[in-house]
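Single-letter residue listing:
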Amino acid sequence: AQKITQTQPGMFVQEKEAVTLDCTYDTSDQSYGLFWYKQPSSGEMIFLIYQGSYDEQNATEGRYSLNFQKARKSANLVISASQLGDSAMYFCAMREGISSGSARQLTFGSGTQLTVLP
Amino acid sequence: DAGVIQSPRHEVTEMGQEVTLRCKPISGHDYLFWYRQTMMRGLELLIYFNNNVPIDDSGMPEDRFSAKMPNASFSTLKIQPSEPRDSAVYFCASSGGGRNNYGYTFGSGTRLTVV
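First to last, the sequence lines map onto chains L and D. Going by the numbering used here, the first residue of the first sequence is number 1, and it counts up by one from there. Going by the numbering used here, the first residue of the second sequence is number 1, and it counts up by one from there.
If you are wondering where the hints come from, they were derived from the structure by calculation, not from laboratory data. All of these numbers come straight from a predicted model, not from anything done at the bench. Be careful, since some hints might not be right.
One-sided excerpt, in silico: chain L residues whose CB lies under 8 Å from chain D [unchecked claim]:
id, residue
1, P40
2, G43
3, E44
4, M45
5, F47
6, F91
7, R104
8, Q105
9, S110
The beta carbon of each residue, even a glycine, is placed where N, CA and C say it ideally should be.
All chains should be modelled from the sequences, with the hints used to inform the complete structure.
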């Protein structure tokens, strides 16, 4: 089974509007972390936001927020007031085994290509 | 801090040749990861190190691939012999230990083309 599922291969949004990128995950761990990365056409991987499984509040970083619904195992990224520069591929990722410290690698979803329209 | 530094940025080589990709992690980070990105398979973990020791190499596709970390500031990923299906973008990332769980920093990647 896929550990990270991103069901939207591509999304379009009008400039200045908000957009939600979906991410669901699968883990039996109680302690884990969820990440979102942005990959523009230039290719670099840019960290956007992090949510720990025990964090009580949804993470926010500027125009980015993470809609974390633990019971549904979803960690959707919300981008408010979209800008043309937000056009990029967006990846959701998970790190398991945080409490045991055993695993450190990130497992990535397949990504969502976001296009912001002027 | 200059971030994670990878070289070369682009590499074009002929099938059968040896290819060496290089990575310099962020100073003080004790974890180093090698990922490969392709259209078909997305981002896959190849191998990761902790304190220069390989911890999990289960993602290394076959014996043609090898990775080393001789010291805390340098790692290599070698493919010998290279094949066209190895064409991909190879990312190196590093992470610090401790409670900072969002300290993963990626390099700019090496785009490998095997012809």
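Flag every earlier hint the structure violates by its number, smallest first. Hint 1 is the one this structure does not satisfy, whereas the remaining hints hold.
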